[in-house]
Amino acid sequence: MMIPEDVRRRLGVDNDSELVLELLKALYGLKQAGLLWNQLLHKTLIKLGFAQGLTDMCVYHRRREGILVVVGVYVDGLMVTGMEQQAVDAFFGELTELSIKDLGPASKFLGMRVSYNEDEGYDLDQSWPSRKCCVSTGWHRCTACVPRSAPSRTRSTRRQTSFCPRLEETAW
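Position one of the sequence shown corresponds to residue 1 (the UniProt record's numbering), numbered consecutively onward.
A couple of the hints might just be wrong.
Straight-line C-alpha distance at most 27 Å; calculated DSSO-like pairs for lysine-lysine [unchecked claim]:
no.: 1; residue 1: K101; residue 2: K47
no.: 2; residue 1: K31; residue 2: K132
no.: 3; residue 1: K108; residue 2: K132
Label pairs and their in silico Cβ distance ranges [to be verified]:
no.: 4; residue 1: R8; residue 2: Y122; range: 26 to 36 Å
no.: 5; residue 1: M57; residue 2: E97; range: 35 to 45 Å
no.: 6; residue 1: R113; residue 2: L11; range: 51 to 61 Å
no.: 7; residue 1: V7; residue 2: R113; range: 45 to 55 Å
no.: 8; residue 1: G12; residue 2: G93; range: 38 to 48 Å
no.: 9; residue 1: L103; residue 2: D123; range: 14 to 24 Å
no.: 10; residue 1: G12; residue 2: R64; range: 49 to 59 Å
no.: 11; residue 1: G104; residue 2: D56; range: 18 to 28 Å
no.: 12; residue 1: Y122; residue 2: L11; range: 18 to 28 Å
no.: 13; residue 1: E5; residue 2: D89; range: 41 to 51 Å
no.: 14; residue 1: R8; residue 2: N38; range: 31 to 41 Å
no.: 15; residue 1: A51; residue 2: D125; range: 29 to 39 Å
no.: 16; residue 1: R64; residue 2: G29; range: 31 to 41 Å
no.: 17; residue 1: K31; residue 2: D119; range: 39 to 49 Å
The hints are simulated quantities; they were obtained by calculation from the structure and are not laboratory data.
We treat Cβ as the ideally placed atom computed from N, Cα and C, and that holds for glycine.
Go ahead and model the full structure; you've got the sequences and the hints to work with.
Pasting the structure below:
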């Protein structure tokens, strides 16, 4: 890496090969930047009273006064939900040291379209990446890419198979 002349003069070094510098902050694009960001976010969330999920390390949760807030972490994006909007707003207020912005309700996350309905709740849909792929390749005119209703049987027959023997009622 080329070190500017004025930096070499201030450090009293004539040759770049004599100089080793230690970064005090992670730079964007640095190989360790993602790890350092995750460590900083983890420490901050723990300090704010969140607990990391036991089965999914990317999910943090906090319950205060009976109100649950859940934070999903994916690289440098956060998906935040809670039992009350005030709790979610308060969470973003607590993250002032990290300069995180609330981008509003999610419309896309991890390749899924996210929609919300007051009566039914959240709906996750992955049809848009498939449609986008069909359009980009010109296959959207192909009949196989046109959505069709799934075929269903009008009558269902139940058959016993050899690998699933019928159990006697007395066995229970």
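Against the range 35 to 45 Å, how does the distance between the Cβ atoms of M57 and E97 compare: consistent or not? violated, 22 Å
Status of the given 49 to 59 Å range, CB of R64 versus CB of G12: holds, 54 Å
At the C-beta level, are A51 and D125 separated by a distance inside 29 to 39 Å? Given about 30 Å between the Cβ atoms, the range holds.
Looking only at beta-carbon atoms, does the pair G104, D56 fall within the given range of 18 to 28 Å? The hinted range 18 to 28 Å holds for G104 and D56, with Cβ atoms some 24 Å apart.
Taking 51 to 61 Å as the stated bounds, is the beta-carbon spacing between R113 and L11 within them? holds, 53 Å
Should the hint that K31 and D119 are 39 to 49 Å apart at their CB atoms be regarded as holding? holds, 47 Å
For the hint 14 to 24 Å, verify it against the beta carbon of L103 and that of D123. The hinted range 14 to 24 Å holds for L103 and D123, with Cβ atoms some 19 Å apart.
Checking one constraint from the list: CA of K101 to CA of K47, max 27 Å. Satisfied? holds, 19 Å
Straight-line alpha-carbon gap K31 to K132, limit 27 Å: violated, 32 Å
Could you see if the CB distance from V7 to R113 stays within 45 to 55 Å? holds, 49 Å
Could one say that the CB atoms of R8 and Y122 fall in the range 26 to 36 Å? violated, 56 Å
Evaluate the given range 31 to 41 Å for the C-beta pair formed by R8 and N38. 34 Å Cβ-Cβ, so the 31 to 41 Å window holds.
Comparing the model with each earlier hint shows violations of hints 2, 4, 5 and 12; every other hint is respected.
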